[in-house]
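Colleague: Okay, here's what each chain looks like letter by letter:
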Amino acid sequence: MADLLSTPPTPASPQLGADGRLLHLLSTEGLPRQTITHILDTAKSFLEVSDRDVKKVPLLRGKSVFNLFFENSTRTRTTFEIAAKRLSADVINLDVSRSSTAKGETLLDTIDNLCSMHADMFVVRHATSGAPFLIAEHLARTGRHDIRVVNAGDGRHAHPTQGLLDMYTIRHYKGDFAGLTVAIVGDILHSRVARSDIHALRALGCGEIRAVGPKTLLPAHLEAQGVKVFHNLEEGLKDCDVVIMLRLQNERMDGALLPSASEYFKRFGLTPAKLKLAKPDAIVMHPGPMNRGIEIDSAVADGPQAVILDQVTFGIAVRMAVMSILAGN
Amino acid sequence: MSQTTMKIAIKNGRVVDPRHGIDAPRDLFIADGKIAAVLPAGQTPDGFAADRTLDAAGQLVLPGVVDLAARLPGLEPELEAAVAGGVTRLACPPDSDPPMDEPELVERLVRRAQDAGLARVHPVGALTQGLAGEKLAEMAGLAAEGCVAFSQAKRAVRESQSLLRALQYAATFDFPVWCYPQNLSLARGGVAHDGEVAARLGLPGIPVVAETVAIAQIVELCRATGVRIHLTRLSSAAGVALVRAAKAQGLPLSADVAVHHLHLTDEDIGFFNNLTRVDPPLRTAADRAALREGLADGTLAAVCSDHTPLADDERQVPFGEATPGVSAVELLLPLTLAWAREAGVPLATAVARLTCDPAALLGVAGGDLGAGAPADVVLFDPEATWTADADTLVSRGRNTPFLGRTVTGRTSATLVGGRLVYARQD
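Residue numbers (numbering that gives the first Met the number 0), protein chains in the order written: chain A, 0 to 328; chain B, 0 to 425.
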């Protein structure tokens, strides 16, 4: 019989086909290094498109991309919309948080309905970790092998296009990852961005990955993911090449995770004085939207080391690259 | 001739009856719904003329399984699933809809279960009205209708003072109280073990302290009130250690484990497999090893199914939104014997944890193949292999993480009170 004791190996992610081809983008976990590099290289070629007068290429002409946001995020949705339109796709925005699910329709009923409208790609944002996996597995189970899913953020789990645009940004400024020390600072427990960054940084062979925050905002057993944990910002920043600041949600003050925004800023906010502890040429990143004066001082956010607006520009190109590759280009 | 008066002989099997220290080739004779005799091959009780003979060659002949926790939505289909799994007696937790908090509800459940004539049902009564954790339920009235213990199932009594009073009241009548050892405040929002897997998948965690803090509190309340406490569904090594220490102090405390915790860990969640969404959560390999050891050495008195059949659509949602629970009553026996085989535990010990030990906890007959005992008997083919899937499972709930897996060992026939209530057709 199958030995019930043996723990099965972590199953292959449903985002990769048997031949290793990218079927969906659900997580940066388990993405091979060459797949990430291919996405970043493709994104580089799309950056030029964004600089042209006519910002369109016909790679997704005739394709329908459905933006399915079960959780509101105007900014992320807009970046996907711009990326899809620059690829000449037809973009349909569905604010599902306010429509069908409010009427009691289940997530998979919604998907079935949209499939019947000949969707080619779903861009999914959902408040619950794992929701895009459920959708991808449902599509596979129901034989719709040609429909692609892009995770645009699921609960605390993953935000892979953000992770990839962060990698693009780091590679743009720093080149090779091997010698780099990257510090991720703040609310890692609730952050899908941090998880996506950690997996991608490991895949790309980053020298040292650090997580910095109070114990209430760090998940258990983070070390198992190859991360060095710091509870002191000064120590965590020392000699870093890259500092990724995370957004602190206001509701963290309600659940006894933190006493106040001002105490958080004193201990874990990035100020010019603290940034001096990192390498002189360190870059400062932030997934946005920023809380100035809570996780980041305006002098840093607007300072010469911040590359936060570049991240936004790169983000469009990375999302174009992901959609283009998923569409088979 | 009615089935209950039928004389049945079960021949050529290997009888395992831990209560009487028997593990040997024996023939078993049933008359008037009771065990008439268990004899070596070739012998027959004086004047016994079998109306029916079952050939148990190559099979185990066991006392019917006594399951400490099976939920029975729709009643009959789940009782059919129970006997298909060799379960002849089960305790039903009070978290049904409506909860078992009124004597009339208990009386109706007991009567309907009797009418079904399948597995015997022992309701566990609600400790508080509506399981709301505030006003006490009418425990004496519920006991009079057949409740064997009182419990909040997996719900909380928020006020510690209310819990103390509930235990004192139960102790007045020497009613056992079954407590789910999970501090619901520490577990709030969590959906998976607070460990590496939850960190990787971004799932809100349920820390081990949710269990240990609850056990520590219950142990002290047990000491203070003298009430008999049974802890339902342990999940952690630290929890097993606390129970072992409390028992060593002579406290009237027992505990059980659900069968899936003997086999699975949080690694089995994989990429959000919501069939592994259970309460308490699957924890680490070290926790699983401690649970196995605790069951082997008797720290955990019983292994149960914690059977919770769910409709398929309750699973068509993301992991964190899925209703927790496993449809397990048909897998309890084979998976427990699989544990014994893998862990090198004597078969008789494993059978004891499924039969006489839980029966003693319930304070009912059962788990007994001695002459005069009710003839609740299972014929089990230890070599049969089968696949647990929608075609083979009788329960309406297909929600098992073992779906599609090959299982070794299968019930061939089940007798309750000398009546053949299940015989596998294939």
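Quick caveat, the hints were computed from the structure, so don't treat them as lab data.
Hints are supplied without guarantee of correctness; some may be wrong.
[Unchecked claim] Among the chain A residues that face chain B by a calculated CB cut under 7 Å, a handful are:
hint	residue
1	Ser128
2	Gly129
3	Ala130
4	Phe132
5	His156
6	Lys214
7	Thr215
8	Ala219
9	Lys227
10	Pro303
11	Gln304
12	Val306
13	Leu308
Beta carbons: idealized from backbone N, C-alpha and C, even for Gly.
Colleague: All the hints need checking, so say for each whether the structure fits it.
Modeller: Each hint, compared with the structure:
Interface hint status for Ser128/A: upheld, as the beta-carbon distance to the closest one in chain B is roughly 4 Å, under 7 Å. Because the smallest distance between the Cβ of Gly129/A and any Cβ of chain B comes to about 3 Å, under 7 Å, the interface hint for this residue holds. At its closest, the beta carbon of Ala130/A sits 4 Å from a beta carbon of chain B; the interface hint therefore holds under the 7 Å criterion. A least Cβ separation of about 5 Å between Phe132/A and chain B falls short of the 7 Å threshold, and the interface hint therefore holds.
Taking 7 Å as the C-beta contact cut-off toward chain B, the hint placing His156/A at the interface holds, the least distance being around 3 Å. With 7 Å as the threshold, the beta carbon of Lys214/A stays out of range of chain B, its nearest partner Cβ sitting at about 13 Å, so the hint is violated. Contact between Thr215/A and chain B, as hinted, is not supported at the beta carbon level, the nearest pair being about 13 Å apart and thus beyond 7 Å. The interface hint given for Ala219/A holds, since its Cβ lies 5 Å from the closest Cβ of chain B, which is under the 7 Å cut-off.
Hint on Lys227/A is violated. Least Cβ distance to chain B is approximately 15 Å, over the 7 Å limit. At about 34 Å, the closest approach between the beta carbon of Pro303/A and any beta carbon in chain B exceeds 7 Å, and the interface hint on this residue is violated. About 29 Å separates the beta-carbon of Gln304/A from the nearest beta-carbon of chain B, more than 7 Å, and the hint is not met. Taking 7 Å as the C-beta contact cut-off toward chain B, the hint placing Val306/A at the interface is violated, the least distance being around 26 Å.
Checking Leu308/A against chain B: minimum C-beta separation of about 27 Å lies over 7 Å; hint violated.
When the structure is compared with the earlier hints, violations turn up for hints 6, 7, 9, 10, 11, 12, 13 and for no others.
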